[in-house]
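Anchor point for the sequence shown: position 8 equals 8 in the UniProt record's numbering, and the numbering is continuous, going up by one each time.
FYI, nobody ran anything at the bench for these hints, they're computed from the structure. If you're wondering where the values come from, they're calculated on a predicted model, not measured in any experiment. Be aware that one or more of the hints could be misleading.
Unchecked claim - Restraint ranges, calculated between C-beta atoms of paired labels, are given here:
1) P185 to P17: 22 to 32 Å
2) S114 to Q175: 39 to 49 Å
3) V61 to F154: 39 to 49 Å
4) A164 to V65: 33 to 43 Å
5) G156 to W48: 41 to 51 Å
6) V58 to I132: 38 to 48 Å
7) L123 to Q175: 23 to 33 Å
8) L32 to A122: 18 to 28 Å
9) S70 to A164: 23 to 33 Å
10) V117 to Y180: 41 to 51 Å
We put the beta carbon where it would ideally sit given N, CA and C, even for glycine.
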Amino acid sequence: MSSSTPSPTRARTGRSPSPDLILGLALIAVSLGFLAYTLGLSAQAAAWPRGVLALLLVLAVAITVRALRSPAVPGAAATAGTEPGTGTASDTDGSAPAPETATTGSARGDGEWSRRVLRGPALTLLVVVAYIALLQVIGFLPATALYLLGHLWFGGVRDWRILAGVVVGVVAFVQLLFVYQLSVPLPAGLLFE
């Protein structure tokens, strides 16, 4: 091992937390926020959202724990078989890059942040926070329609036919399933009470 290779324990020293840790903590916050919102719903109306949110919370905790327990350089396990004499393509003919070369930078999860890496999760978090705020003001169906439009738009969908089809389809499905089939009233919001 050359002296220029950083040790796994020094890789994150003095750097930002891993993206997985931030994601896990953000999902925990979102889950708890939505769970707090369901406290104002009837037990029947809150059963499904609470179940989904409980699952999201469990998975978010798992992501957070995994991020906290992961080694400083997650790619270290992938490079275990790349020493000379192991028979990998990178040391026999030089045609393929070593795994550590292929996984450098933020893709490796070593805490390197950039605007490009943070843009998607930040916009998603912003859209979810706006959705939570709109639920209380305009109600479930209009807020869900706006949420879907915003999320699809930030996700790169620009075709109005796809946007309209997804929004109308999801809102109609939720309305038919919960209101008409299950007789579960959806939150109407302050404007429509």
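Hint by hint, here is what the structure shows:
The hinted range of 22 to 32 Å is not satisfied by P185 and P17, whose Cβ atoms lie roughly 41 Å apart. As the Cβ distance of S114 to Q175 is approximately 41 Å, the hint placing it in 39 to 49 Å holds. For V61 paired with F154, a C-beta distance near 26 Å fails the hint of 39 to 49 Å. Judged by the Cβ atoms, the range 33 to 43 Å given for A164 and V65 holds: they are separated by roughly 41 Å.
Separation of G156 from W48 is about 29 Å and departs from the stated range, judged on CB atoms against 41 to 51 Å. The given range of 38 to 48 Å is broken by V58 and I132, whose C-beta atoms sit roughly 20 Å from each other. One distance hint, 23 to 33 Å for the beta-carbon pair L123 and Q175, holds here, with the actual separation near 27 Å. For L32 paired with A122, a C-beta distance near 19 Å keeps the hint of 18 to 28 Å intact.
Separation of S70 from A164 is about 42 Å and departs from the stated range, judged on CB atoms against 23 to 33 Å. Checked against the given bound of 41 to 51 Å, the beta carbons of V117 and Y180, roughly 43 Å apart, stay inside it.
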